[in-house]
Amino acid sequence: MGRSFESVRMGVNRISDRWARSARALKREDQKYGERLVELAKMHASEAFVACDDPLEAAFFSVLVEILKRQDQLEPEKMTDVDS
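In terms of our numbering, the numbers along the sequence shown are unbroken and rise by one, the last being 84.
Don't take every hint at face value.
[As the list claims (entries may be wrong)] No farther apart than 25 Å at their CA atoms in a straight line, the calculated lysine to any residue pairs in the SDA-like style are these: (1) Lys42 - Gln73; (2) Lys69 - Cys52; (3) Lys32 - Ala51.
Calculated directly from the structure, the hints in this document are not laboratory data.
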């Protein structure tokens, strides 16, 4: 028998596909940001599958992890203050 519910991984892929369509609908100068969000949503989604039951939560978690990583790369001296 097949699954009667969607896996988190399938849900993240479905959400990413919707976000990709939404990105194409943005103004040309904003499309690159929408496309980047789609990429970020998939980057850590596999790790989030373990703890997240909701695909949207897993996608957001993945995006936020990558945003924070990039923020650390831009402002490394500020993060050392937070860690102390």
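Status of each hint after checking the structure:
Taken as a hint, the Lys42 and Gln73 pair is honoured in the structure, with Cα atoms around 20 Å apart against an allowance of 25 Å. The hinted pair formed by Lys69 and Cys52 meets the criterion: a straight-line CA distance of about 20 Å does not exceed 25 Å. At roughly 30 Å between alpha-carbon atoms, Lys32 and Ala51 are farther apart than 25 Å, so this suggested pair is violated.
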